[in-house]
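Take a look at the letters that make up each chain.
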Amino acid sequence: MAKKVSTYGVDYSRRFTEILVSGALFICMLICLSVLFLIFWMLIGNSIPFFEEVSVYDFLTGDQWNPFHPNYPLFGVQPLLTGTLLVSIIAGVIAIPIGLGASIYISEVADPKVKNWLKPFIEIIASVPSVVLGLFAVIILADYVMIIFDPYSRLNALLGGIILAVMMIPIQVTIAEEAMNAVPNSLREASYALGATRWETIRHAVVPAAFSGIVASIVLALGRAIGETMAVTMTTGNAALNTWNPLYPVLTMPATLAIEIPEAASGSLQYQALFAVGLLLFIITFAVNIVADIVLARYREAYK
Amino acid sequence: MVIPIPKIEVQDLNVYFEKNHALKNVDINIEEKEITAIIGPSGCGKSTFIRCVNRMNDLVLGCTVKGSVTVDGKDIYGKGVDAVEVRKRIGMVFQRPNPFPKSIFENIAYAPRLHGFVDEEGKHHSYNKQQLKEVVEWSLKRAALWEEVSDRLDKSAYNLSGGQQQRLCIARALAIKPEIILFDEPCSALDPIATAKIEDLLIDLKKDYTVLIVTHNMQQAARVADRTAYFYLGELIEFGETKQIFERPEKDLTEQYITGRMG
Chain V
1 MAKKVSTYGV DYSRRFTEIL VSGALFICML ICLSVLFLIF WMLIGNSIPF FEEVSVYDFL
61 TGDQWNPFHP NYPLFGVQPL LTGTLLVSII AGVIAIPIGL GASIYISEVA DPKVKNWLKP
121 FIEIIASVPS VVLGLFAVII LADYVMIIFD PYSRLNALLG GIILAVMMIP IQVTIAEEAM
181 NAVPNSLREA SYALGATRWE TIRHAVVPAA FSGIVASIVL ALGRAIGETM AVTMTTGNAA
241 LNTWNPLYPV LTMPATLAIE IPEAASGSLQ YQALFAVGLL LFIITFAVNI VADIVLARYR
301 EAYK
Chain F
1 MVIPIPKIEV QDLNVYFEKN HALKNVDINI EEKEITAIIG PSGCGKSTFI RCVNRMNDLV
61 LGCTVKGSVT VDGKDIYGKG VDAVEVRKRI GMVFQRPNPF PKSIFENIAY APRLHGFVDE
121 EGKHHSYNKQ QLKEVVEWSL KRAALWEEVS DRLDKSAYNL SGGQQQRLCI ARALAIKPEI
181 ILFDEPCSAL DPIATAKIED LLIDLKKDYT VLIVTHNMQQ AARVADRTAY FYLGELIEFG
241 ETKQIFERPE KDLTEQYITG RMG
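Residue numbers (the working numbering), protein chains in the order written: chain V, 1 to 304; chain F, 1 to 263.
Hints in this document: simulated from the structure, not taken from any laboratory. We put the CB at the ideal spot given by N, CA and C, even for glycine. Take the hints with a grain of salt, since some may be wrong.
Computed from the model, here is a short list of chain F residues facing chain V with C-beta under 7 Å [said to hold, decoys possible]: (1) Val81; (2) Val84; (3) Arg87; (4) Lys88; (5) Asn98; (6) Phe100; (7) Pro101; (8) Ala111; (9) Leu114; (10) Val118.
Extracted from the complex, chain V is given alone in its bound form (with noise of 0.2 Å):
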């Protein structure tokens, strides 16, 4: 067979794919781009009109939360916040502990092959639908802290975090055990030749070399915790007391929206005032994006 002789001319054809190509992927990156600025421009704007009659100030530090009071409504968002950050401190005080030392077992402790089933049995809990979860925290696991917390409600701040929990670990236990599993093999090695134990090894060793994925672990946890509604919503009590007590019922800003958005008339004060809450609780999301990226990158530029 004859070898055709190339012209290095100009393939019009395959250069029409490229550009047709890098014209698609754009469109793709702009519309996931215009997605957030899309839902950050809603937030705001309907904001802006309820922050012309109640002030940010009020909003802020007004510690009742009523709405919908026929006569004096009542808009501060402390019970929110504080419902919100409660049930999300709680959610990690068991979360945090618990993945940690899962993920740990499971990456330096387990015998590979009990490795291989554990791991998907653990994502599993993550694919388990939240409404579940709460249905199960409801009827359940409601019996079983009624028994040892004596709470005030059935439904409550704790029942709430307890949950939280639960949806936080396969998250959690994921992300860190594909971060401890990324250190080289060389650097327990090194560890152990030196005449550490398996824990120091873990504790010296491992987990500060992984320490940066065991923090993006504990945040994006921390992020899912801090937006999830449905379990929340069901099984807090949604009151909106302005406490810290975790054995009373709470009301979260994620439920609140859930809860109160149906109820009030598109375009009233109390519509705006929940899209208000709405952009706090993206503001407090953002913000714990951000310190998570400062912190891995001063981590990072030490160590690197």
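Given the coordinates of chain V, assemble chain F onto it according to the supplied hints.
Showing chain F alone in chain V's frame:
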């Protein structure tokens, strides 16, 4: 005539990985304060052998070690011997430099911080800040790295060149105050200049330490080693003075390897 007692006495050593018989009936005596080189083609069991001396093979799943390795008169595979305690007293340097993602100081201080030290009366102490500084300085000086890094001990070890990282790993091993140091192809990832520095260091370390080095590079063995052992397919083929091994090998297999006809 005084017959020196060997520092390490290996008797009838057999190693299996699952069903693979990796080392077969190895008997060898390693003399104190000498450099002993282990040479042989890839897969001949060199690394497996050296990893038996500090029980690193214990960490490999499915690995069985039979026979005895006696260090200073004590069988490290004997009953009641803790592998962690063995590794605390034998230094090891690996093929690729493997510093921790920590500062230069913290890399060296890693083991001293964990182990502390034992004084003349046999009491156990942990290092205070000043003592830790001294150990780090001493180790870096002994590994001929102090001059190059003394002004940036708090900087990441990852900023060092490959050769410097490897000397850092040597310093880190020295910080546990071992009497034996194992080198598993320490120069295989280094350029010739960095390699020459490590070789100079090895010869210098011989004054105080018993050195075992696995190497792919026969010239390296010829340059630094007092004695050389040739392994082939898991068996110790020949062991003797380096000069003799390279100039008048007794076995055909050894000759074939060192003349480059095999391996």
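(request) Against the earlier hints, flag every one the structure doesn't satisfy and list their numbers going up. (result) Hint check: 1, 10 fail, others pass.
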